[in-house]
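Asks: Model the placement of chain Y on the given structure of chain E, informed by the hints.
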Amino acid sequence: MFRRSLLGLSLVALLGFGSALAAEAPSEIKLGTLYASSGTFASISMPVHLGLKLWMDQKNAEGGVFVRAFNKKIPLKMVEYDDQSNTATAATLYNQLITQDKVDVLISDSGSVLTSVAVPIARDHKMLLIDQTGTGAKFFSPDNPYIVLIADPVSSIWPKPLADFLTHDGPGLGIKRVAMIYATNDFTGTQAAAVRKFVTEAKAGVELVYDEGIPTETSNYTVYINKIQSANPDAVIHLGYATNDIAFLRSLADSGAQFKMLFAIYPGLETELLEKNVGAKGLEHVFTYVPSSELEYKPDFGMTLTEYKDAWHKKYPDGKVEFGFNSVAGYTTGLVLEKALGETASLDQLDLRKAFDAVSGKLKTIDGLFEIDATGAQIGSLTPLGQLVPDGKGSIKFVSIYPHDTATGKPVYPAP
Amino acid sequence: MLSSPLATEIVNGLFFSLVGGLIYGLYFSLIGLGLNLIFGVMRIVNLAHGDFLMLGAFAAYFAFEFLSASPIVSALFVFALFALLAFPLYYALVPRLLTARDPEMLSIILFFGLSQVIQALATISFGTSEHSIPGRALAVGPMAILGQSFPKTWVISAGVSAVAVVGIYLYLYRTRIGYLTRAVMVHREEAVSTGIDVHRVSAIAFGIGLGLAAVAGVFAPFMLNVITPAMGVDVTITSFTVIVIGSLGNPLGTVLGGILYGVSYMVMQRYLSSWANLLPYLVLIAVLLVRPSGLLGRQVRRA
Numbered sequence: 015m016f017r018r019s020l021l022g023l024s025l026v027a028l029l030g031f032g033s034a035l036a037a038e039a040p041s042e043i044k045l046g047t048l049y050a051s052s053g054t055f056a057s058i059s060m061p062v063h064l065g066l067k068l069w070m071d072q073k074n075a076e077g078g079v080f081v082r083a084f085n086k087k088i089p090l091k092m093v094e095y096d097d098q099s100n101t102a103t104a105a106t107l108y109n110q111l112i113t114q115d116k117v118d119v120l121i122s123d124s125g126s127v128l129t130s131v132a133v134p135i136a137r138d139h140k141m142l143l144i145d146q147t148g149t150g151a152k153f154f155s156p157d158n159p160y161i162v163l164i165a166d167p168v169s170s171i172w173p174k175p176l177a178d179f180l181t182h183d184g185p186g187l188g189i190k191r192v193a194m195i196y197a198t199n200d201f202t203g204t205q206a207a208a209v210r211k212f213v214t215e216a217k218a219g220v221e222l223v224y225d226e227g228i229p230t231e232t233s234n235y236t237v238y239i240n241k242i243q244s245a246n247p248d249a250v251i252h253l254g255y256a257t258n259d260i261a262f263l264r265s266l267a268d269s270g271a272q273f274k275m276l277f278a279i280y281p282g283l284e285t286e287l288l289e290k291n292v293g294a295k296g297l298e299h300v301f302t303y304v305p306s307s308e309l310e311y312k313p314d315f316g317m318t319l320t321e322y323k324d325a326w327h328k329k330y331p332d333g334k335v336e337f338g339f340n341s342v343a344g345y346t347t348g349l350v351l352e353k354a355l356g357e358t359a360s361l362d363q364l365d366l367r368k369a370f371d372a373v374s375g376k377l378k379t380i381d382g383l384f385e386i387d388a389t390g391a392q393i394g395s396l397t398p399l400g401q402l403v404p405d406g407k408g409s410i411k412f413v414s415i416y417p418h419d420t421a422t423g424k425p426v427y428p429a430p
Numbered sequence: 007m008l009s010s011p012l013a014t015e016i017v018n019g020l021f022f023s024l025v026g027g028l029i030y031g032l033y034f035s036l037i038g039l040g041l042n043l044i045f046g047v048m049r050i051v052n053l054a055h056g057d058f059l060m061l062g063a064f065a066a067y068f069a070f071e072f073l074s075a076s077p078i079v080s081a082l083f084v085f086a087l088f089a090l091l092a093f094p095l096y097y098a099l100v101p102r103l104l105t106a107r108d109p110e111m112l113s114i115i116l117f118f119g120l121s122q123v124i125q126a127l128a129t130i131s132f133g134t135s136e137h138s139i140p141g142r143a144l145a146v147g148p149m150a151i152l153g154q155s156f157p158k159t160w161v162i163s164a165g166v167s168a169v170a171v172v173g174i175y176l177y178l179y180r181t182r183i184g185y186l187t188r189a190v191m192v193h194r195e196e197a198v199s200t201g202i203d204v205h206r207v208s209a210i211a212f213g214i215g216l217g218l219a220a221v222a223g224v225f226a227p228f229m230l231n232v233i234t235p236a237m238g239v240d241v242t243i244t245s246f247t248v249i250v251i252g253s254l255g256n257p258l259g260t261v262l263g264g265i266l267y268g269v270s271y272m273v274m275q276r277y278l279s280s281w282a283n284l285l286p287y288l289v290l291i292a293v294l295l296v297r298p299s300g301l302l303g304r305q306v307r308r309a
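Taken in sequence, the protein lines are chains E and Y.
Under our numbering, the first residue of the first sequence is numbered 15, with each subsequent residue one higher.
Under our numbering, the first residue of the second sequence is numbered 7, with each subsequent residue one higher.
The following block holds chain E by itself, in its conformation from the complex (with noise of 0.2 Å):
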């Protein structure tokens, strides 16, 4: 009996110590992700790399991030490396982070292309992937808890505001045929799937008279200008990454062709970028989302977007990499992923993921609120259809047009 007794103190003491040795906490958390420093995804990586690391350092200037499992502050420490927006690296890289370095949260590049090689992977090793933006919609279905979309609406439900205006309000302006043109990837490939099936399902007496996926390093769009206006549409929609925005918005300029109406998705996500490339003649009228950094959203965690880009302006004097929707989303990652560790019941990936669930609704940050579905989609703030209008100062200015609560103005249909 005394024997007995005595081995099941020693279990319990066991097993005390154990949790005591699980609740140690760690000197650092290792925040491990890359980045494409070069080639055709680097205007949008660097961004949001480059704002993920301005809340990081401001994280450890502060003493690192508040981790409830451990009831303190621990630094953090980034294991980053360039992939060189090669999808094949990316892949060997983003293993290398879970097998080698061993780190406490994966975050993947930014966008879908550098993101879809990190998905399986990340599911594979059962590591919870941090999608950044990511919002290609087969990443996530409900069988995958190991993924979480932080700072863009999944592109499933993004294009709905631009599809809604074409149903709605279109008719009336006099919108009935419609053209696009999309960039086969998972981004805008799912973004043009979206607008198919808005558009389809609406029954507005709007159709797509011309429907084209060309591959994603396209640069020499005469050719599919001159097949657009042979269409003859009554609005034009092209989705594809900032080159393609860039190259397609210059061969327009310079062939001399003009549409009613033009919407394009990087004129609204880096409009420094695109006004620096195309010029601000060739941004006029042009139909974009609004994104964040043009948009006040009152946050209730984190800087407020004045603060942010002066801060943005401070850290990144040189002006390589411009201040836009990019730079707002890496520097959301961090919040949001600072009150999921505040969260957190542990560093287990599951945990981290119930905590991400914790948050959700909750957190309203300078990107909007983040809210994310079963599967870890983003459905919170959905960007409004806007549309970029001369400011009377040689520069362009964004006005709100729809959904009609949060317009700014009117859309100005057809183009001049």
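Since the hints were made in silico from the structure, they are not lab data.
As the structure is a computational prediction, the values presented were derived from the model and not from experiment.
Worth double-checking, as some hints may not be accurate.
[To be verified] When the alpha-carbon atoms are kept at most 25 Å apart in a straight line, the in silico SDA-like pairs for lysine to any residue are as follows: (1) E:Lys91 with Y:Ile130; (2) E:Lys290 with Y:Gly147; (3) E:Lys152 with Y:Trp281; (4) E:Lys190 with Y:Gly133; (5) Y:Lys158 with E:Pro430; (6) E:Lys334 with Y:Ile130; (7) E:Lys274 with Y:Pro148; (8) Y:Lys158 with E:Ser233; (9) E:Lys140 with E:Lys152; (10) E:Lys67 with Y:Ala126; (11) E:Lys328 with Y:Phe132; (12) E:Lys323 with Y:Gly133; (13) E:Lys328 with Y:Ile130; (14) E:Lys378 with E:Glu321; (15) E:Lys274 with Y:Glu15; (16) E:Lys290 with Y:Glu15; (17) E:Lys91 with E:Ala39; (18) E:Lys295 with Y:Arg142; (19) E:Lys329 with Y:Val146; (20) E:Lys295 with Y:Pro140; (21) E:Lys274 with Y:Phe132; (22) E:Lys295 with Y:Ala126; (23) Y:Lys158 with E:Lys328; (24) E:Lys86 with E:Glu38; (25) E:Lys407 with Y:Arg142.
[As the list claims (entries may be wrong)] What the simulated footprint calls covered on chain E by chain Y, stretch by stretch (three residues with Cβ under 8 Å from a Cβ of chain Y suffice, anywhere in the stretch; the number is not a length): (26) 48-56; (27) 216-229; (28) 238-251; (29) 254-268; (30) 334-343.
Where is the CB? At the ideal position from N, CA and C, for every residue including glycine.
Replies: Chain Y only, in chain E's frame:
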């Protein structure tokens, strides 16, 4: 049947792609011209060719940004600048390379390294974002050619390419140094034995090759629409496709390679856009299967 609107549209579309491909392809001839000249004379593979083009593009960008320099003026300036810079680079790298047992293979490694260094330095200096020169710096709006409308910037870029091609032809076939260059291209050792200063001839060809790459870079913002420090790799690959189609070592074969590349690319964009980026390489494979030495391969041996 042929008079139906659909048939008219198909014929018009095809014609647009053919004419557009011709203009676009002429620019790619310029891109490949310098690379092929260097390979033809020195038998070295300049894997940094696209990076020199990128540097030319950024030179024109900064010349426009800070001096409002016309791209045409920039083209003349960068040609002279890069041709001059090529001389010390040539004498620092190439003579030693040519004494190696397998200079072609070593040149691949050496110029790959040079490419990486140039790209890294350019990234540090210029940042990672896209840059471009406004189209108005060269010309505004479209121009009608054979009833089709094309950007004036394209037409001017293609015109400059044509001038460069004619210039290379005159250099090779109408000047004394050109005769010597062709002699070195045909047989380097025999050229040495006849007393030709092959290093002088090669250095000049190297200078012209880099100068042409830089000139192609000046027009890259108008033809490729964006320039980045990382653009060189893709440009080098495309250049190789163009010159292999035309014939390695025959600078004038590059013209044919460029035009075939441009036309096939734009025809594919019209009819099977998803495959557009792949087709030129399929053309490359097809040409090599039918004529392993390229379309003008035989003429090289007879030169």
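Asks: Under the constraints set out in the numbered hints, which ones does this structure not fulfil?
Replies: 4, 16, 19, 21, 22, 23
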